[in-house]
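Asker: Chain residues, written in single-letter form:
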Amino acid sequence: MQRFLNNPDDLVDETVAGFVKAHRDLVHLLPENPRVVVSNVAPKAGRVGIVTGGGSGHEPAFIGYTGRNMVDAVAVGEVFSSPTAKSFADAVRAANGGAGVAVLYGNYAGDNMNVKMAARTVAKEGIEVATVVANDDVCSAPLAEREKRRGVAGEIFMWKIGGAKAATGASLAEVQAAAQKAIDACRSVGVGLGPCTLPAVGHPNFSIAPGTMEVGIGHHGEPGARVEPLRTANDVADDMLKIVMDDHALPAGTEVAVLVSGLGATPVNELYVLYDRIESGLAGMGMKVHRALVGNYFTSLEMVGATLTVMALDDELKALLDMDCASPAL
Amino acid sequence: MTEFTSRQLVDLFRLVALRLAEARMDLGALDGAIGDADHGNSMAEGFAAVVRATASEADLPPGRLLGVAGRSFLSAVGATTGPLYASALMSAGRQLGDRAGFDAQDLANLVPAFADGIRERGKARPGDKTMMDVWSPAARAVADGARRGLSASGQLRQAEAAAIEGREATRAMVAAVGRAARLGARSLGHVDPGAASAAIIISALREWLDAQAPASDGGPG
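Sequence lines, in order, name chains A and B. 1 is the number of the first residue of the first sequence in this note's numbering; add one for each residue after it. 1 is the number of the first residue of the second sequence in this note's numbering; add one for each residue after it.
Check the hints yourself; a few may be wrong.
Stated by the list, open to error - List of simulated lysine-lysine pairs, DSS-like, C-alpha gap at most 30 Å:
1) A:Lys181 - A:Lys148
2) A:Lys124 - A:Lys181
3) B:Lys123 - A:Lys116
4) B:Lys123 - A:Lys148
5) A:Lys242 - A:Lys288
6) A:Lys148 - A:Lys116
7) A:Lys181 - B:Lys123
8) A:Lys148 - A:Lys44
9) A:Lys44 - A:Lys21
10) A:Lys116 - A:Lys44
11) B:Lys123 - A:Lys124
12) A:Lys242 - A:Lys44
Calculated directly from the structure, the hints in this document are not laboratory data. On a predicted model such as this, the values are computed, not experimentally measured, just so you know.
Take these sequences, add in the hints, and give me the full structure.
Answerer: Right under this line is the structure:
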């Protein structure tokens with residue numbers, strides 16, 4: 001694939017530089033750390049701060065969810081690589097309005113370690129940190145070992161709910177509980193049709209043979225549950241929905257929020273083709289779609305494929321999901 | 001045993017940084033096969049940051065200086081590599097405490113101290129295809145050499161051999177934790193880049209100690 005690239009080593013800095021220029025109405029860079037993107041309305045005195053962070057290459061995640069009633073500060077890592085503990089710590093400081101900071105991030109080894117070390121650093125400065133670790137990727141581990149599951153696109157709902165809860169003036173424990181409830185209510189699955197290439201590497205480090213698809217693939221090409229011949233969009237949509245809903249076990253009549261995200265190189269119209277079938281399938285199960293998001297919300301460079309996330313809603317989650325917000329991506 | 005100073009510890013970091021910088025492209029290529037190709041950059045830049053930070057604080061005792069080294073590595077490097085080597089350096093610092101100098105045996109003991117710090121932070125087990133597949137056998141080799149009465153230099157020579165063996169053994173492993181675990185069986189057949197850089201560090205410790213020959217009491221191991 002041909003790319004728009006200068007020096008691959010500068011890619012992340014250039015991405016972030018362009019991002020804060022394009023969205024200067026909403027976000028800015030932390031002057032002392034160019035790997036931290038901060039909302040223009042953060043910190044808010046007396047409000048719980050919301051922080052996330054992760055590797056680059058998932059745009060608009062993670063930086064795109066920085067903004068009003070959303071994430072206050074985001075630590076930016078190298079491509080597909082956890083940010084430093086220092087960047088997480090700086091993001092926490094930037095988000096701190098004196099009422100504690102909730103760090104809402106995905107379940108990956110590097111992020112777990114760096115967040116933990118950052119939390120210890122800022123604790124010495126008197127900033128209280130609570131964490132919620134997203135683990136919505138159904139195929140990455142069995143339900144009984146949910147703590148081993150990776151975090152994927154369900155993180156977007158976790159940030160939205162956490163940011164909205166903080167905006168209500170809730171305490172750190174309440175924000176943490178709401179974000180935990182949000183991610184607990186999410187199940188996701190990914191299907192890959194084509195691999196992605198890290199710009200510094202120059203070749204894909206995994207392959208998906210033509211005519212096949214990888215069901216359950218992760219956000220960095222982690223192997224899925226099975227590789228099988230590519231089927232029609234409707235068959236793939238049915239399969240994705242079955243994987244997610246079998247894990248969910250929701251009673252009929254449940255209201256849900258649905259997110260279908262492209263992985264980078266899949267045309268957006270194909271995402272709507274999937275969504276058409278998914279919503280029909282949900283209706284067939286007696287589910288009511290309260291809100292749907294379809295588009296490139298959480299990508300993996302130029303991977304071909306899509307993820308489906310279904311979040312079960314209750315009154316609290318519904319109200320928080322519906323709260324007004326302003327960020328570049330949502 | 002002759003005592004080394006904190007300035008000599010900075011000198012040791014300089015050699016480690018140099019050897020990692022020389023291997024930058026090779027490590028990048030290894031990592032390109034199963035990771036994101038940045039391991040050479042991360043390690044070289046991480047230890048360059050260690051040299052910068054420790055050179056300006058060389059009046060601290062060596063144990064404290066290792067703490068400075070750990071914090072500077074953590075600020076410079078993300079992913080799992082940052083916290084793991086930060087923990088390694090801090091673990092070694094705690095073992096030295098506030099002593100004014102360190103001797104050749106302390107230097108050899110850096111290997112098990114690093115292994116402890118990395119194991120505690122990363123929880124990787126032998127066979128998971130990580131840097132622990134080098135640090136664990138190297139730490140055992142130091143302990144084993146000490147038990148057999150080898151000099152510090154001799155212990156490090158054993159550790160170096162164990163490290164190279166451990167590095168090569170990762171080729172036949174399937175990554176179970178860390179970033180390469182994302183590839184599962186696709187990681188088979190490749191040397192783990194974290195294991196390769198660990199072996200470079202251990203070799204550099206041995207090389208540095210041998211270069212101080214008049215100061216160390218170790219004969220040929």
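Asker: Give a verdict on every hint.
Answerer: Going through the hints against the structure:
1. For the proposed pair lysine 181 of chain A and lysine 148 of chain A, the alpha carbon gap of about 17 Å is at most 30 Å, so the pair holds.
2. Among the hinted pairs, lysine 124 of chain A with lysine 181 of chain A is consistent with the structure: their alpha-carbon atoms are about 29 Å apart, no more than 30 Å.
3. Pair hint lysine 123 of chain B plus lysine 116 of chain A holds up; C-alpha atoms about 14 Å apart against a cutoff of 30 Å.
4. For the given pair, lysine 123 of chain B sits about 14 Å from lysine 148 of chain A by alpha-carbon distance, which is consistent with the 30 Å threshold.
5. For the proposed pair lysine 242 of chain A and lysine 288 of chain A, the alpha carbon gap of about 16 Å is at most 30 Å, so the pair holds.
6. The suggested pairing of lysine 148 of chain A with lysine 116 of chain A holds, with an alpha-carbon distance near 17 Å, which does not exceed 30 Å.
7. Proximity of lysine 181 of chain A to lysine 123 of chain B is assessed by CA-CA distance (about 28 Å); at most 30 Å being required, the pair is judged to hold.
8. Restraint check: the Cα-Cα separation between lysine 148 of chain A and lysine 44 of chain A comes to about 34 Å, which exceeds 30 Å; the hinted pair is violated.
9. In summary, the hint linking lysine 44 of chain A to lysine 21 of chain A is supported, as the alpha carbons are separated by about 23 Å, within the 30 Å threshold.
10. About 24 Å separates the Cα atoms of lysine 116 of chain A and lysine 44 of chain A, which keeps this hinted pair within 30 Å; it holds.
11. Restraint check: the Cα-Cα separation between lysine 123 of chain B and lysine 124 of chain A comes to about 25 Å, which is no more than 30 Å; the hinted pair holds.
12. Restraint check: the Cα-Cα separation between lysine 242 of chain A and lysine 44 of chain A comes to about 42 Å, which exceeds 30 Å; the hinted pair is violated.
Comparing the model with each earlier hint shows violations of hints 8, 12; every other hint is respected.
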